[in-house]
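A.B. asks: Each chain, written out:
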Amino acid sequence: MPKASAVSVLIVDDQQSMRGICKYILTQLGFKDIIEAKSGRDALGKLEKGNVDLIISDWNMEDIDGLTLLKVIRKHPRTQAMPFIMATGRSDKEQVKEAISHGVNNYIIKPFDASTMKKRIEAVIGALS
Amino acid sequence: MVSAKSLPPEFDRGVVTTVHQGDCYVSDDRDLTYSTVLGSCISACVRDRVANVGGMNHFLLAEQSGSARDRYGASARYGAFAMEQLINKVLTGGTGKKANLEIKVFGGGKINASLDDVGAKNIEFVREFLTAEGYALASEDLGGTFARRVLFKPHSGRAFVKRLESSENASIARRELVVARRGPAPKPAADDIELF
Numbered sequence: 001m002p003k004a005s006a007v008s009v010l011i012v013d014d015q016q017s018m019r020g021i022c023k024y025i026l027t028q029l030g031f032k033d034i035i036e037a038k039s040g041r042d043a044l045g046k047l048e049k050g051n052v053d054l055i056i057s058d059w060n061m062e063d064i065d066g067l068t069l070l071k072v073i074r075k076h077p078r079t080q081a082m083p084f085i086m087a088t089g090r091s092d093k094e095q096v097k098e099a100i101s102h103g104v105n106n107y108i109i110k111p112f113d114a115s116t117m118k119k120r121i122e123a124v125i126g127a128l129s
Numbered sequence: 001m002v003s004a005k006s007l008p009p010e011f012d013r014g015v016v017t018t019v020h021q022g023d024c025y026v027s028d029d030r031d032l033t034y035s036t037v038l039g040s041c042i043s044a045c046v047r048d049r050v051a052n053v054g055g056m057n058h059f060l061l062a063e064q065s066g067s068a069r070d071r072y073g074a075s076a077r078y079g080a081f082a083m084e085q086l087i088n089k090v091l092t093g094g095t096g097k098k099a100n101l102e103i104k105v106f107g108g109g110k111i112n113a114s115l116d117d118v119g120a121k122n123i124e125f126v127r128e129f130l131t132a133e134g135y136a137l138a139s140e141d142l143g144g145t146f147a148r149r150v151l152f153k154p155h156s157g158r159a160f161v162k163r164l165e166s167s168e169n170a171s172i173a174r175r176e177l178v179v180a181r182r183g184p185a186p187k188p189a190a191d192d193i194e195l196f
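Protein chains in written order, with the UniProt record's numbering: chain A, 1 to 129; chain B, 1 to 196.
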């Protein structure tokens, strides 16, 4: 049973307010090690620098979008097994299928609240203590 | 933006789509006009000026005390999601470049003297949101003690505002608060997607 405070989460979103919302909710859920990336490219840089246990990424981003980021992460031996949750407003089932085919671990449709976020995270990394 | 008692003669409403509270529509249809009535609510009109794709949302942060200062409270989260939804829809339908977006905002009137100034908190929210995200306002018609009807042409980006008679204020304020208190956020169609 993972301890939320011991899990390092990387939030990737090009909107400051969305990163803020994610961080606010994760803090409510007990997470303490929260890293923010303001683009897909920024996320790749942060992944090179440190240990990350879970990625929560937006889909729509200008430089490297969430799906491309997922593909890159799945190709790299060091990150290919890293849990990846897509947080996005996209609810098209075809897009969900595409993300699944590239190895997304779960999917959060915006708008979301703390309870949805907790459920999705627990479905990926196990019940939080 | 044109604020006038009557529309300019060249204005052709074409097909009119009403944007209700909680709605978010985007189109590149030259003949389309989005129409909405705002009391304390806010509508943002976002357009990709290169792709001629535009959209309108309509939302109200219903919490009446401290909600705008609580940047990530439930009410402010609802507003942020409403703005992000519209911006992403326009980006997806357009060039995908934030630099090509022009943003106009309307509403936030104080139309019920007996309530807290919900409109002011909504104005504060939308201004803070746009500043935080680095967007400049192309145009605005905010505040005041009146409701307004806003027409927006998504293809051309032209917006028209008509200030409404105060006799309509009470019913508009009542309707907005009823809708806002019904639920904190619009639920997307596929909210039940859950993997594994």
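These aren't lab readings, by the way, just hints derived from the structure by calculation. Using N, Cα and C, we set each Cβ at its ideal position, and we do this for glycine too. A couple of the hints might just be wrong.
Computed footprint of chain A on chain B, listed as stretches where at least three residues anywhere in the stretch have a Cβ under 8 Å from a Cβ of chain A [as the list claims (entries may be wrong)]:
| id | region |
| --- | --- |
| 1 | 73-82 |
| 2 | 90-98 |
In silico negatives: residues of chain B with every beta carbon more than 12 Å from chain A [what the hints assert, rightly or not]:
| id | residue |
| --- | --- |
| 3 | C24 |
| 4 | G144 |
| 5 | V178 |
A.B. asks: Out of the numbered hints, which ones does the structure contradict?
C.D. replies: 3
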